[in-house]
Structures are given as C-alpha cells and as structure tokens.
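Undergrad: Dock chain R against chain H, hints included.
As given, the protein sequences belong to chains H and R, one line each in that order. Residue numbering for the first sequence is 18 to 472, as defined by our numbering. Residue numbering for the second sequence is 18 to 472, as defined by our numbering.
Treat the hints as calculated values from the structure; they're not laboratory data. Keep in mind it's a predicted model, so treat the numbers as computed, not measured. You can take every hint at face value.
Label pairs and their calculated CB-CB ranges:
#1 P228/R - D188/H: 47 to 57 Å
#2 T450/H - Q381/R: 53 to 63 Å
#3 N134/H - Q275/R: 47 to 57 Å
#4 S312/R - K308/H: 34 to 44 Å
#5 T110/H - R462/R: 20 to 30 Å
#6 R461/R - E283/H: 55 to 65 Å
Listed next, the in silico PhoX-like pairs over lysine-lysine satisfying Cα-Cα at most 20 Å (straight line):
#7 K190/H - K356/R
#8 K399/R - K434/R
#9 K434/H - K399/H
#10 K444/R - K434/R
#11 K286/H - K276/H
#12 K356/H - K190/R
Beta carbons are placed, not taken as given, at the ideal position from N, Cα and C, and that holds for glycine.
2 protein chains.
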Amino acid sequence: MTPASQTMLTSRAPSSGSRDSRRVGIGPRYLLRARRSSHSLPQASSVQENRPAARTLRAMSYRSARVAVLALMCSSAILCAQELAPPVPQKLTVRSQVLNEDRTIWVRMPAAAQGRNERYAVAYLTDGGANVNEIGAIIDFLAGANLMPPLIVVGITNTDRVRDLTPSKADVKNSDGTVDSYPTSGGADKFLDFVQSELVPEIEKRYPAQPFRIIVGHSLGGLFAIHALMSRPQLFQACIATSPSLWWDDFHTLRQAQKFFPGQKEFPKTLFFALGREGGPMAKGFADLRKVFISEQPKGFVVRSAHYEDEVHRSTELRGHYEGLRTIFSGWTVPTDPKTGRARGGLAGIEQHYRGLSQRLGFQVSAERAINSFGYSLLGDKNISGALAAFQRNVELYPGSANVYDSLADALEAEGKVEDALANVRKAVDLATRTGDPELPAFRRHLDRLLTPRK
Amino acid sequence: MTPASQTMLTSRAPSSGSRDSRRVGIGPRYLLRARRSSHSLPQASSVQENRPAARTLRAMSYRSARVAVLALMCSSAILCAQELAPPVPQKLTVRSQVLNEDRTIWVRMPAAAQGRNERYAVAYLTDGGANVNEIGAIIDFLAGANLMPPLIVVGITNTDRVRDLTPSKADVKNSDGTVDSYPTSGGADKFLDFVQSELVPEIEKRYPAQPFRIIVGHSLGGLFAIHALMSRPQLFQACIATSPSLWWDDFHTLRQAQKFFPGQKEFPKTLFFALGREGGPMAKGFADLRKVFISEQPKGFVVRSAHYEDEVHRSTELRGHYEGLRTIFSGWTVPTDPKTGRARGGLAGIEQHYRGLSQRLGFQVSAERAINSFGYSLLGDKNISGALAAFQRNVELYPGSANVYDSLADALEAEGKVEDALANVRKAVDLATRTGDPELPAFRRHLDRLLTPRK
Numbered sequence: 018m019t020p021a022s023q024t025m026l027t028s029r030a031p032s033s034g035s036r037d038s039r040r041v042g043i044g045p046r047y048l049l050r051a052r053r054s055s056h057s058l059p060q061a062s063s064v065q066e067n068r069p070a071a072r073t074l075r076a077m078s079y080r081s082a083r084v085a086v087l088a089l090m091c092s093s094a095i096l097c098a099q100e101l102a103p104p105v106p107q108k109l110t111v112r113s114q115v116l117n118e119d120r121t122i123w124v125r126m127p128a129a130a131q132g133r134n135e136r137y138a139v140a141y142l143t144d145g146g147a148n149v150n151e152i153g154a155i156i157d158f159l160a161g162a163n164l165m166p167p168l169i170v171v172g173i174t175n176t177d178r179v180r181d182l183t184p185s186k187a188d189v190k191n192s193d194g195t196v197d198s199y200p201t202s203g204g205a206d207k208f209l210d211f212v213q214s215e216l217v218p219e220i221e222k223r224y225p226a227q228p229f230r231i232i233v234g235h236s237l238g239g240l241f242a243i244h245a246l247m248s249r250p251q252l253f254q255a256c257i258a259t260s261p262s263l264w265w266d267d268f269h270t271l272r273q274a275q276k277f278f279p280g281q282k283e284f285p286k287t288l289f290f291a292l293g294r295e296g297g298p299m300a301k302g303f304a305d306l307r308k309v310f311i312s313e314q315p316k317g318f319v320v321r322s323a324h325y326e327d328e329v330h331r332s333t334e335l336r337g338h339y340e341g342l343r344t345i346f347s348g349w350t351v352p353t354d355p356k357t358g359r360a361r362g363g364l365a366g367i368e369q370h371y372r373g374l375s376q377r378l379g380f381q382v383s384a385e386r387a388i389n390s391f392g393y394s395l396l397g398d399k400n401i402s403g404a405l406a407a408f409q410r411n412v413e414l415y416p417g418s419a420n421v422y423d424s425l426a427d428a429l430e431a432e433g434k435v436e437d438a439l440a441n442v443r444k445a446v447d448l449a450t451r452t453g454d455p456e457l458p459a460f461r462r463h464l465d466r467l468l469t470p471r472k
Numbered sequence: 018m019t020p021a022s023q024t025m026l027t028s029r030a031p032s033s034g035s036r037d038s039r040r041v042g043i044g045p046r047y048l049l050r051a052r053r054s055s056h057s058l059p060q061a062s063s064v065q066e067n068r069p070a071a072r073t074l075r076a077m078s079y080r081s082a083r084v085a086v087l088a089l090m091c092s093s094a095i096l097c098a099q100e101l102a103p104p105v106p107q108k109l110t111v112r113s114q115v116l117n118e119d120r121t122i123w124v125r126m127p128a129a130a131q132g133r134n135e136r137y138a139v140a141y142l143t144d145g146g147a148n149v150n151e152i153g154a155i156i157d158f159l160a161g162a163n164l165m166p167p168l169i170v171v172g173i174t175n176t177d178r179v180r181d182l183t184p185s186k187a188d189v190k191n192s193d194g195t196v197d198s199y200p201t202s203g204g205a206d207k208f209l210d211f212v213q214s215e216l217v218p219e220i221e222k223r224y225p226a227q228p229f230r231i232i233v234g235h236s237l238g239g240l241f242a243i244h245a246l247m248s249r250p251q252l253f254q255a256c257i258a259t260s261p262s263l264w265w266d267d268f269h270t271l272r273q274a275q276k277f278f279p280g281q282k283e284f285p286k287t288l289f290f291a292l293g294r295e296g297g298p299m300a301k302g303f304a305d306l307r308k309v310f311i312s313e314q315p316k317g318f319v320v321r322s323a324h325y326e327d328e329v330h331r332s333t334e335l336r337g338h339y340e341g342l343r344t345i346f347s348g349w350t351v352p353t354d355p356k357t358g359r360a361r362g363g364l365a366g367i368e369q370h371y372r373g374l375s376q377r378l379g380f381q382v383s384a385e386r387a388i389n390s391f392g393y394s395l396l397g398d399k400n401i402s403g404a405l406a407a408f409q410r411n412v413e414l415y416p417g418s419a420n421v422y423d424s425l426a427d428a429l430e431a432e433g434k435v436e437d438a439l440a441n442v443r444k445a446v447d448l449a450t451r452t453g454d455p456e457l458p459a460f461r462r463h464l465d466r467l468l469t470p471r472k
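Just chain H, with the same shape it has in the complex (with noise of 0.2 Å):
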C-alpha cells in the first residue's frame, strides 16, 4: 500500500509512569536549556498576547521543544514507548475495621511526579473508577500548563453504594404511589468515619501526601461531597460536587446547607458544584443551593457554581472537575509583569508569591519551579548574575533537588566559571544517581559535555 514508507513498530511496552510533562522550553532559542532545565516553565507564553509576533511565535513552539528533548532522552525504542505511558493507578486495600469490610482503593501519582521528591495534596474520589484516569488527565494538563499544582488522586470504589454516599435513612416515593425502600441508606457519616480514620491516614503514611484534600463527588456522590465539607471540616479543604442528588430524603442535605452557611463566620474553604441539563428535583436541589450564596459569605469560603446546559447528567463530570479545580487554585500562577513577560517583583515577588499561596492553601507550595523558569528567562537575556542570583536561592531551598545544582552550573559556565560549574553538575549527577531522577540522562550529557575540551 505504501511502498515508499518503511516503518518500525515498537512491541507495547510496559507501563512505569509517565515522564513530567513540564519539560518544556519557551521556544527553539531556549531548547537547550530547556533540556537541561526540566522545570522551566513556558512562562512569556502567558503573556504572549502583549508581545510582538516573533516572540508570540516563540513562546508559543515551546511544544517542539519539549518534543525536541523526549526525541533527544530516548536511548532506545522500549524507552521512548515508556515516555508517553500515562501513570497507572495502583490498588490498595485497606481493612476497615469501621465498616467490617475491605475496602478498594485506587491511587493514582501525577504525571509529574516521577523521580521527584515533593509532596503532594490529594483528590479523593466517591465512585472511584474510570474516573480517576479522567480527572487524573485533567490534573497533569493543568499542572502541565502550571495553572495548578499536580495533585494524587485517592478513588473509592463501592461495596453498598447507596449506604455510604447517603447522609439520612430514606425510602424513595415514586410519582405512581410506589415506594422504592433503600434499607442500608443514611451511612455517609460511618462512610466518613471511615475516610478520616483509617482510609486518610493510610495514604498520608504511604504516599507524599501534602495536608490537603479535596472530596469530589458524582450525583449521590456530589450529595455526599457537600455533605462531608459541611460536616468534617478538620478533614476536607475543598469540595467539587457534579449534579448532586440534593433531592434525597426530601432535601435533608440542602436543608442543613440553608442552615450551616449562614451560620459560619470564617470557612477559609472552596466549594464548586455543577449541573447539566437536569430536570425536577435535581434542578431545584442545585437552584436553591445557589440561592445560600447569592448573600455574603463566611470569610475566607470561595463558591462557585456552573449550569451546563449542553451536558446530561452523566457528562457533567469532566467540564466539572476541570473547573472546580481551576476555582481551587485560582491565583496559582506567578502573576507576570506585561513589560517583561517575566514574574512580577522578579525573585522576591515569587517567593512572596509562594509565601501567599502556602498560607491560603495550608501547606508548603515549592517555587522551585518558578524560580528555576525566571533564572533561565534571565539567562537567555544575558543577565547572568541575575540568573547566578535567582539558581543560587533555589539552591539554598531546596537543596534536596538535583536539576537545582544543573541550573546554577548553567549560570556558572555562562560566566565563565567551569570549574564551579563542573561542580554543581556531578551534584546533580550524584543527587539524580541517588533519587532516581528521571532527568539523569540529561544530567549526565551535561557533564559530559562540559568535560569535553572545545575545539
């Protein structure tokens, strides 16, 4: 059929995680450094729409770099099928001694995580399934694109579904006079028992988890996410919740919301819910939960609601998660001065970023990031102490980081220092070697290169 086109097939390889899709660059002038700098981040793309047409150009091939880079890291076939593997959700099970029972769960790590040694906050997830691929592929395009943080994704699967995602015992009247009888119904609050003592505790024990947890829930799932943010909030910090079923038992969960809300001065917490094209008392569950924030709010609480008309209830789900997450990390991304495309307050205007971020969130949010993409944006402008200054105080944070040392050795060798530079390359080197850090191979060329006399 194609005579002309040889082809090569590579045999499916097996999964192992996914490389950080964040190794990117902001355009072919950056691509060695973005080869060597895994974390920089295509910052002047966000402010692109200020600039000429050639750096709107540039910022915007940021994408052929970082597929310049995976093509360069692949020693061979096997590896590079690995590059794109997306993360797999691993099993647990965990005896709940609460419910007399075992427990399914699936967790899943972000793309970004590999190799790096971060902790992370965590999306808990009723229904847990197919989902937990789909608000997982949302989470690392997000991260991806640095408009939140990567997140691990914790899915519950059901044993008696109707029992744990029910806050009362009720029986459903039909509009033909019969009554359909959900015996095991109303155990939400042992469900939750069972979420904060023993399911929690054991992901915070076995995976990087940061302390802070978002419920997100579907239908009888969103009724039992809204609920468990009103009633354990110790336990979530956020709350997404798609075409909640607030119609059961007679609207016993939105009449207890009417009430808590009002009542709360300071909820320094987020809650987003969303409905689709639903009818009756779904409908009127999701209208007189909007109508408790149409008034002032508890200080510190951020609510926000969506009415997609174009989705049914089974399809609210993604467009939801995507912008319930977007609501919770709004601010996330370093605002950029228009003039410069760089972040605004340079390096203390980051770092005061981050000291925002961290203590509205509630947990320790790295700039490494951050920092790292404004070193090399200044590198590629040839302000090189200026970079020197910025590679050296991501140094100083975090120093448990390999691509840190890369970095500085990039300012170093600009300078003219290579004796110093070769130094803080075979920390890397070292550092990578240790951790297992996929940007190792990377590293190690670096070094390479670095040895090897100019012609």
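TA: Same frame as chain H, now just chain R:
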C-alpha cells in the same frame, strides 16, 4: 499510625490497555444484566430529569454497577491493577520519502477498543506529546458517556516544527525593528504530502481506522490545521484549531479563508476553533476568522468557535478539544422519548438514527450498543418479545460480536427457552474465545449458571 487497618499494596502492574469503561448498567436493578451486557449504556440517565426521584436514583447509580462488575471480574490483584490502566500510546517510526527523514508517531487506541472488532475514526494531532493522552482521556470519557464514538489518536512529533506547520515562508518583524528569520518555514504543503501519501495510508493499514479523519492543532498547529482543512478537503472531515497562529506571514492563511469559504457551495465538514485571553495579532486573526462565518455558510458546513477569557495561550487545548469533539459529533446520541426514557421510535428509530449519522459522517456507525441497551431496557420492563426482537436484530446486523448472542440468551431465558439460551451463550463463548474478547469470563459465568440445575 493506623493499627486498625490492614493494607495490601499490589505491585505496579504492566499496562496492557484498559477495560471498556462503558461496562455499566442503569442501576442496582440492572446489575446482573449489566454484567452480562458489556455494552448496555445508562440510557435512562440521559432523561432522568423528567423522572421521579426514585428513577433518578436508579439512573444515577450506574457507576456502582460498573464498579461492582469490575470487582466481580477480578480474579487476582494483578488483574485488578490492570483494570484501570489507561491506554498506552504505541510508538511508530515512519520513514518518509517525501521529507527524507524518519518521523516518530504516537498511536493511542481508545480504552473501549480492547478485545473489540470495530473500526474507529482517527484524530491526527500536531505537536504529538502529552496532548495524545490528554485528548485520549477526553475521548474515553465522552465515548463512555455515549456522546461520541471512541477514536484512535495519532500524535505526530516534530522534527522542524516551524517548517512543517507554516503554510508560507516568512520572516517575522519585531516591534523593535529587528527581524527573526525562519529560513525553513513554509513547508506545510510538503508536510501534508507526507501525511496524505505516507502517514495516513500507514495508519489505515496498521490500525482499525474508519475513513473519518480529524486534524487537531494548537498555536502554529492550529494554523496548520485550518490550512489543511481548506487545502486537503479529501483528507480531513473535521478540524479543531486551538489558539491558531493566524497572524503568520501577515495573516496569509486568514486571507485564504476569507476567499475560500464564501466560494464553497457545499463543504460537509466541521470546523471548531478557540482562543484564550490572548491579544494582539493572535486576537485579530481569531476575530477576523469569526467574521468570515457570520454570513451564509456552505451547505453541510458546521462551524463553531469559542473565546475562553479565563484561559491563557498554553491552556486552551483541553477545553478546545472537548468542545471541538462535542461539535463534530453533535447529535451522536439516539434521541429519547421523554415519556419512556427509551430511544424515540424504538428499534426502527435507532436504526434510522444511525443510518443518518453514517450518512452525515461518511462512515458506517455501529448501532450495536444502542440496540443492546434498548433491548435490556425492554427486558427490565418485562417486555420479553420486544427485547427478543431487539437482540435478534443485533444478531442479524452484528454477527461478529460475541455479546449479541449473550444478550439474546438473556431474553430467551426470560421466555423460558433455556436450550435456545444455552446455544446462544455457547456461541458467545466460542466467538469471544476466538477474538480475545475481554467479556469472555462474563460469558463463561453465564454459561455455568445456565448449566447449573436450579434448586
């Protein structure tokens, strides 16, 4: 830390693809049927807004059915770990005579494809990389919600990005008077020669592809995608362009579009394009392209655009892909009768719907899942003769599918024809064994159950 919890962590299993995420029923009542009917969809949930609360609950608990089914099908921890593994893109190296170079291509099969003998439309992505998994996750979600068909994703990685993605040779003047030179630019038509004469034939030889191709691109890739739609109408049926760089070469491609579209009498294709909070020439190109489509459109042409004020250049892709796919496959779902919650026009209505879809899209769209789902909804309401008619029709239309025999067996069993049911389940088991259908264990259990004398 949690002495009460006994935990078991399975090893990270190799990814050999993903289960069909559509193994769902429409509620607890349908659990057993859903288990033996991998393709029954929660059709009722699409109209749940008009149902009383109890039906809403049933419609909404399809996830529990899916998860329960997944749990039941797991025979070992390792197998379970694979259940949620998302598809892993395969690497294909294509030797191009046209470009005189090797091209690296990533091919991602949809999650729904495992063990299925079906053909899928194909989305071709420029800047192939992490976006392959991102759009793949959207496709799996929307296909799982029965809002579009599963698609194969083909990601084309770059060698010389500016060369391949720009339709004309140009240098770029900066506002400070300097000029950035792009000496290799203007190679889009040659790159399209490669796509048309080498890549597409290779993909359609190696993968189960339908002759329906979507070109998807971002930034310069978006510019390229719009150029491709106009210049190779025989190659692509649809185009998704996010943040297209229409400013390239003094709006060269925009000017072509201004001439091209008003000159077409008929253009049975779909174009979706989107922009973020982007200014300058980027915004001008977008606004001017929108103006092209204010007046009358060519016959059969569907065009839609979106301006995402809360996205930046680097973050328009995900929402653009989602909305673009929804636009291209608008009208995919069989319309339902709000009174019954079932397909409007019954079996004949379903077939008519898919005939219309097939005609509009230009490839044969399978009605199997919809007919199967319809049959089970009749069976659930004890309309056995109706269910038999639906399942028998599926056997006529799709004799190569194992599931159609298994479903027919359910209706035959309900009618008391156990011997006929047995014969059909045996057919399902035989066929599934030959094709490697992942539903084989479920068919086997069905067979065992029929062979076990009732107490």
